[in-house]
Amino acid sequence: MDGGRPVYSLKTKIIRVFLWLFLFLVAALTAFPVIYIIFGSFKKNTELLVGGTNIFPKEWIVENYVKAWESANFAVYTRNSVVFSLGVMVGSIINGSLAGFVFSRSKLKFAKIVFYTILAFMFISVGSVTLKPVFALAVALKMNKSILYLILISVGGGQATYIFLCKGFCDSLPRELDEAAKIDGCSFFKTYVKVIFPLMKPVIGTVALMSFRGGWNSYLLPLVFTMSNKNLRPLTVGVNMLKSAGDGAAAWDIMFAGSVIAIVPMVLVYIAFNKYFVGGMTAGAVKG
Amino acid sequence: MKNKEKPVNANLPKKKKKLNKEGSAALFMLIPCVLFLVVCSIYPIVWTFQWIPYNYDGTRSFYIGWGNIETLFKDKAFWGSVGVTLEYAFWKIVLVIPFSLLITILLQQKLRLSNFFRGVYFMPTIIASAISGMIFTFIFATKNGILNAALIAIGLVPQESPIKWLMSADWVMVAVMTLSVWGGFGNYMLYFTAGMAAIDTEMYEAAKIDGANGVQIFFRITIPMLSPTLKIVLQLALLSAFRDYEAIMILSQGGPQNRSMTMFLYNYYMIFGNSEAGTSAQVGYGAVCSIMAAIIVGAVTAIYLVASRKLDDVV
Chain A
1 MDGGRPVYSL
11 KTKIIRVFLW
21 LFLFLVAALT
31 AFPVIYIIFG
41 SFKKNTELLV
51 GGTNIFPKEW
61 IVENYVKAWE
71 SANFAVYTRN
81 SVVFSLGVMV
91 GSIINGSLAG
101 FVFSRSKLKF
111 AKIVFYTILA
121 FMFISVGSVT
131 LKPVFALAVA
141 LKMNKSILYL
151 ILISVGGGQA
161 TYIFLCKGFC
171 DSLPRELDEA
181 AKIDGCSFFK
191 TYVKVIFPLM
201 KPVIGTVALM
211 SFRGGWNSYL
221 LPLVFTMSNK
231 NLRPLTVGVN
241 MLKSAGDGAA
251 AWDIMFAGSV
261 IAIVPMVLVY
271 IAFNKYFVGG
281 MTAGAVKG
Chain B
1 MKNKEKPVNA
11 NLPKKKKKLN
21 KEGSAALFML
31 IPCVLFLVVC
41 SIYPIVWTFQ
51 WIPYNYDGTR
61 SFYIGWGNIE
71 TLFKDKAFWG
81 SVGVTLEYAF
91 WKIVLVIPFS
101 LLITILLQQK
111 LRLSNFFRGV
121 YFMPTIIASA
131 ISGMIFTFIF
141 ATKNGILNAA
151 LIAIGLVPQE
161 SPIKWLMSAD
171 WVMVAVMTLS
181 VWGGFGNYML
191 YFTAGMAAID
201 TEMYEAAKID
211 GANGVQIFFR
221 ITIPMLSPTL
231 KIVLQLALLS
241 AFRDYEAIMI
251 LSQGGPQNRS
261 MTMFLYNYYM
271 IFGNSEAGTS
281 AQVGYGAVCS
291 IMAAIIVGAV
301 TAIYLVASRK
311 LDDVV
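Chains as they are written, first to last, in my numbering: chain A, 1 to 288; chain B, 1 to 315.
If we strip away everything but chain A, and leave its shape as in the complex, we get:
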């Protein structure tokens, strides 16, 4: 591939310049909302409320972040978001890889029944109604103020995709590995822990990123659970609550800063794991 750039005719060159300009324009439009909100978060609230076409602030200030962090409870929201999304990630990895391994290897009839039930429920979407009974259950168990319950429900709600990814990957691992482990005296569970789990690294990377993103970005579930419990809210809910706080129009500065706090960590994770992310997503798409 390193054979240098191909030589193009003048006509092709002009076409390619126009193509490039088009792609650049699309990229600029795509990035615009994010750029706008980031620069906007350094504007004074008066400037935000007047509007105008300025992207850069007239006067750069960081008070919005200080206000959001200290008086608008964003320190707590950020901590909740981090705990929640890491919890969802760990739970999804453990549950997905365990179940994926069993569905791939076990000849148990019960396992097959469970697998096809999960498959069937993937096609039933009743929407947000599921949140109500799940919340009622939490109240009955006196767990409606526990972030652990929120994490578990989130893991359960998203488990199908991750189980399918893990099962698909396990199916591609040679069964001779299991047999060799068995001969060496490994039990079924030990085979999973010592042999298969370490080999599942690529798919676990994908599951980790997807579930972390899912946790960080989820909104309705934490919204329903934290209606009356401000200290459990993650960033997505915290930012949007400012809007309906009555003086919504006045709090644009905090909402801008809060949105940036909610976006930036995820964008950094994405930039750091970009290749892994894109590779994993497409692998899942081609298989699924």
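Using C-beta positions, here's what the derived DEER-type ranges look like:
#, chain 1, residue 1, chain 2, residue 2, range
1, B, 218, A, 146, 46 to 56 Å
2, A, 11, B, 216, 12 to 22 Å
3, B, 143, A, 11, 42 to 52 Å
4, B, 276, A, 123, 25 to 35 Å
5, B, 306, A, 11, 41 to 51 Å
6, A, 109, B, 216, 51 to 61 Å
7, A, 187, B, 228, 32 to 42 Å
8, B, 143, A, 39, 18 to 28 Å
9, B, 150, A, 121, 42 to 52 Å
Calculated lysine to aspartate or glutamate pairs in the EDC-like style (CA-CA distance at most 16 Å, straight line):
#, chain 1, residue 1, chain 2, residue 2
10, A, 182, B, 22
11, B, 143, A, 47
12, A, 109, B, 22
13, A, 194, A, 179
14, A, 190, A, 178
15, A, 107, A, 171
Hints were generated in silico from the structure; no laboratory data involved.
Note that the structure is predicted; figures quoted are calculated from it, not measured.
The C-beta atom is built at its ideal place from N, Cα and C for all residues, glycine as well.
For this one, chain A is given, so just place chain B on it according to the hints.
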């Protein structure tokens, strides 16, 4: 003979015991997954069906028999939301799929910064729809939104009557679709890129040697070879079009006059109430609406699957 039989007999119970051990280990390992399935999938469905004949506002409930189902068939707002959902799904597919396919093909031309562009295009999909809904609320704001400011600055819109993007029934779907395309095309671009990578490059070379031009190559090779991917992508886009109501909820709350009220959003407001519109929860009726919504989604998916199979026979 006797000598041979003995070890077989001795082996049998041992083997069975081993299988049992493995089986019980497998059962044990499935406990979390089964619990999740019961609590997060089966129990909510059972719960939903249980409220069909009740008028339930979240605290008190009355038995009303067929009442909710009768209401459903007379509820213009619900069927209106079904119409909005289908309209939304139609525009989403018509706008997003060709656009992301075009972008994928342009990126294949190995232009400078292609990978950087791909990264930027995918970025909106990693942002929470709750947050992007909020950002677009700022952008589309009537008085101090930057979009109106820009349109006024270049003279497309008169200063005294800026476009009420989110407050007028004529424009709200434009705003909703803009957000939908912005947030979705990167995802489909990625699926198409994966599908394209699976096409044998020798095919393109052979076609070029035979004298095919770019348009011919696109319609005669790329599209047919991409059709399996296209089918999956269409199905995913269709399903996601029904499901992405989070961003709409924040952008326009389904308004004005229910113009952007999609089916699942309507159901959400039925079940949890809409504090901004001042309506309280009607859980029993919301359950009926949700079941109807599930049936509609299932029917549309089934129609799509049958149609795509029929299309397979033709092409």
